[in-house]
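Asks: Residue strings, one per chain:
2 protein chains.
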Amino acid sequence: MLSPRLQVTLDSLRKLLRRGATNHTERLLARTRPADIALLMRFLDERERRRAFDMLPSDEVRSETLGELDSHLKTEILEGRPIEELVRIYEYMSTDDQADLLNDLSDELRQALLDALKPDEAEEIEDLLQHAPDTAGGIMSPDFFAMHEDQTVEETIAALQSADVEMAFYVYVVSENDVLVGVLSLRSLVTHAPKTPLCDLMVSDVVSVQLETDQEEVARLASRYNLLAIPVVDESNRLVGIVTIDDVIDVIREEATEDILRMAGADESVYESPSLLHNFCSRAPWLAATWVGGILSSLLMGVFESEIGKMALLATFVPIVLGMGGNVGSQTATIMVRGLATGRISSDVGWRYLLREVAVGLVLGALYGLCLGVYTFFTQGSAMITLSISVCVSLFASMTVAAGVGALTPLVFERLKVDPAVATNPIVTTLVDLLGTFVYFMTSKIIIGL
Amino acid sequence: MLSPRLQVTLDSLRKLLRRGATNHTERLLARTRPADIALLMRFLDERERRRAFDMLPSDEVRSETLGELDSHLKTEILEGRPIEELVRIYEYMSTDDQADLLNDLSDELRQALLDALKPDEAEEIEDLLQHAPDTAGGIMSPDFFAMHEDQTVEETIAALQSADVEMAFYVYVVSENDVLVGVLSLRSLVTHAPKTPLCDLMVSDVVSVQLETDQEEVARLASRYNLLAIPVVDESNRLVGIVTIDDVIDVIREEATEDILRMAGADESVYESPSLLHNFCSRAPWLAATWVGGILSSLLMGVFESEIGKMALLATFVPIVLGMGGNVGSQTATIMVRGLATGRISSDVGWRYLLREVAVGLVLGALYGLCLGVYTFFTQGSAMITLSISVCVSLFASMTVAAGVGALTPLVFERLKVDPAVATNPIVTTLVDLLGTFVYFMTSKIIIGL
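Quick note, the sequences are listed as chains A and B, same order.
Each residue of the first sequence is one higher than the last, beginning at -7 in this note's numbering.
Each residue of the second sequence is one higher than the last, beginning at -7 in this note's numbering.
Keep in mind that the hints were calculated from the coordinates and are not lab data.
Mixed in with the good hints there might be a few duds.
For chains that are exact copies, the list does not tell them apart, and a pair is met inside one copy or across any two.
[Claimed, not checked] Calculated pairs, DMTMM-like style, for lysine to aspartate or glutamate (alpha carbon to alpha carbon, straight line, at most 25 Å):
1. Lys409 to Asp3
2. Lys437 to Glu299
3. Lys66 to Asp107
4. Lys110 to Asp135
5. Lys187 to Glu147
6. Lys409 to Glu168
7. Lys437 to Glu297
8. Lys187 to Glu146
9. Lys110 to Asp411
10. Lys187 to Glu52
11. Lys7 to Glu40
12. Lys66 to Asp126
Build out the structure end to end from the sequences listed, making use of the hints.
Replies: In structure tokens, the structure reads:
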């Protein structure tokens, strides 16, 4: 949802673009922050977007706007522009934004841009592009501020004043061959005598990550230790880059969205690609699991065909028994999966949660089973007393089983080192449907005696 | 999941505590970071937790550990300690951690602590506690660094060196009565002449929030503009506090977990309260909606009782028709809800997504409908050709309808200013079940001609 202020800006921008009022549009864009322009771009159509981008006040603003833009819009806006313009915009970007941009571009455009860069620039960026995009190496920036351990406070302050580093939160201290040996805050520089060597005031217990550390782990460490930047080292403990807090925030948001969508059997690309086919492909496999589960439920129900034939009323309770079981199962599974992802639950104490969830399932099942039994008794009359007892018992049983399955499945996947967010729901849905169908018809058969 | 290193620490800690090896335990704890200790505390039982807390090397470490601890553990650890000890630990905390702690304590303990504090300290903290915990006022810290606009660069550097501010990311510039007029980075201080007044180099276009701004909006602004801290002003634009990046990260994590759990009909308290009753109460209402929906589906199916009586096989396809519809509906609903929450989708362009989702539903429905039709044809034989056509058509229709309902419902709630994360799933589940049942039996009645 846009804030009221941005909504007003969007409305004016659209009106001005439609009227072709170039001067007014340019003035409006010059007054708006690049991050806001990037946000508003989402709401324009392709033609409007390209025109607005052309009217931005400078290449610097263009590059800042581009840095904040969604991946698929970057390519769309840049495609077909002269390569000199691309290089100009590119030069204004910070190194990690440059790497992101190159990752997002089409193969030809990426190659054209790399060819047009100076050889050393192209080499630096190609080094960065080697790392998988979801690792520390893939999100790090090589623009850090490091000094040798023998240098003094005075030298460090002088170097800091002339340094061209975007956000120098910490001074990293290295020994021979750039090996990371310590870190110090900017504050500690001003509270020590000018001649002190850095090795005397640095903290040598540095939290660092490897190039191939998963970005989720990087984010977890940065937020656990409240760090503004986390240093990235190679296998010889040489400092090669830093991951800054703004990238950590992006990772946390991304991973949360990814987890949410995965649990529902989709992925982030549904927002990025307008293609129907792509959207279809990302969702079809998950549904295939449900389809197979549904077929199995049908087969199982087929076993009780003669009972249904004798008492068609029996079938009308299938939606409520499966629906309630499915919902309890997915509540429990969600609580477990998110708990495991945030570290609230570890597989160590997982069995405690498992017991608790089964207990909650028992209580919920007792409540709603009783409600259903009483409801059936009053609507079907006392002739159907066995049906009332049967639906009550089977709703109770299937909800308890569903809670158990919902809690156990993620724990099993965690043990097997399979991401519980991906695999849990299709399995839980299928198992709960099958077990629910079985429990319901077996209970009915026994209690009603069909 | 704990990292291998922390797992080792946890194992040793448990072993040492069990053996009563006080010296070794103390040494181990002294080597471990407070944030890690706080994390490990989750895995200990209550008695171990209290003993480990007692063995921490100093009140300062105790206060740091406490600042990182989950809410319900704070109370557990502090309950029953002498008030003097509480005050000592409390004094080491930063102001916003102090406010968090007071919020988490029981009423008596909070009052006892407030009574034991010096009057001005108690007053400051009581001011903070007035704000709702999920607003800018509730998460802000009053420890910011501000200077008057007439002061110079030189004076600012001198003040900064003697200031006792935890993390001074920015220098805020105020005019008379503390009205916020500008901001400048620490970097710009060192690149300007010492005598320059701050009003000449400050940026006057400051992003700020009001005391009552929702914490989610604060996080959104901080991450959109890549800010390390965001100033909080009162209704007269007076600077009263700042929200720092570490709190922003906590908010982002919290809100993501909240959204995930809400969509499944639970809330964060399931991790915090071990009480079965509490867990039950947080989940029962959501299931009530499903229960009512299930009863309505049963009633609707009851209308077709004679058809089921004639052909019991018909009922066996109910689980697959409702299951597939439910899953497509929840995929679509999740994509829309998360898209609206992250700003990927606005209600402005919502109809475009609605159309796309219906299109995806059509394609998915065609695929799985066809599969089901073919499957039925081969298993039931050509005598059942009408049944095959009927299940094919009705799976297709119910999946398309489910995608439409799943996409439309969140958009409607967004328009009505109701949080789509809370309300969407129960409504979608219920509607999809009802519409699915209706579509399936109507189609069968018409095609098979029962």
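Asks: Does each hint fit the structure? Answer for all of them.
Replies: A quick look at each hint next to the structure:
Only between protomers do Lys409 and Asp3 lie at most 25 Å apart by alpha-carbon distance; the minimum there is 21 Å, versus 49 Å within a single protomer. For the identical chains of this complex, Lys437 and Glu299 are neighbours both inside a copy (8 Å) and across copies (21 Å), given an alpha-carbon limit of 25 Å. In this assembly of identical chains, the alpha carbons of Lys66 and Asp107 lie at most 25 Å apart only when taken from the same copy (19 Å versus 58 Å across copies). For a Cα distance limit of 25 Å, the shortest separation of Lys110 from Asp135 inside one copy, 18 Å, qualifies, whereas the shortest one across copies, 47 Å, does not.
Both within a single protomer and between protomers do Lys187 and Glu147 lie at most 25 Å apart by alpha-carbon distance, with minima of 8 Å and 24 Å respectively. In the homo-oligomer, the alpha carbons of Lys409 and Glu168 never lie at most 25 Å apart, since the shortest distance is 39 Å inside one protomer and 60 Å across protomers. In this homomeric assembly, Lys437 and Glu297 come within 25 Å of each other (Cα to Cα) both inside a single copy, at 12 Å, and across copies, at 19 Å. In this homomeric assembly, Lys187 and Glu146 come within 25 Å of each other (Cα to Cα) both inside a single copy, at 6 Å, and across copies, at 22 Å.
In this assembly of identical chains, the alpha carbons of Lys110 and Asp411 never lie at most 25 Å apart, being 42 Å within a copy and 51 Å across copies at closest. Taking identical chains as interchangeable, the C-alpha atoms of Lys187 and Glu52 are never at most 25 Å apart, the minima being 40 Å within one chain and 30 Å between chains. For the homomeric pair Lys7 and Glu40, the shortest alpha-carbon distance inside one copy (11 Å) is at most 25 Å, but the shortest distance between copies (66 Å) is not. With identical chains, the CA atoms of Lys66 and Asp126 are at most 25 Å apart within one copy only, with a shortest distance of 19 Å there and 35 Å across copies.
Taken one by one, the earlier hints fail for this structure at numbers 6, 9, 10, listed in ascending order.
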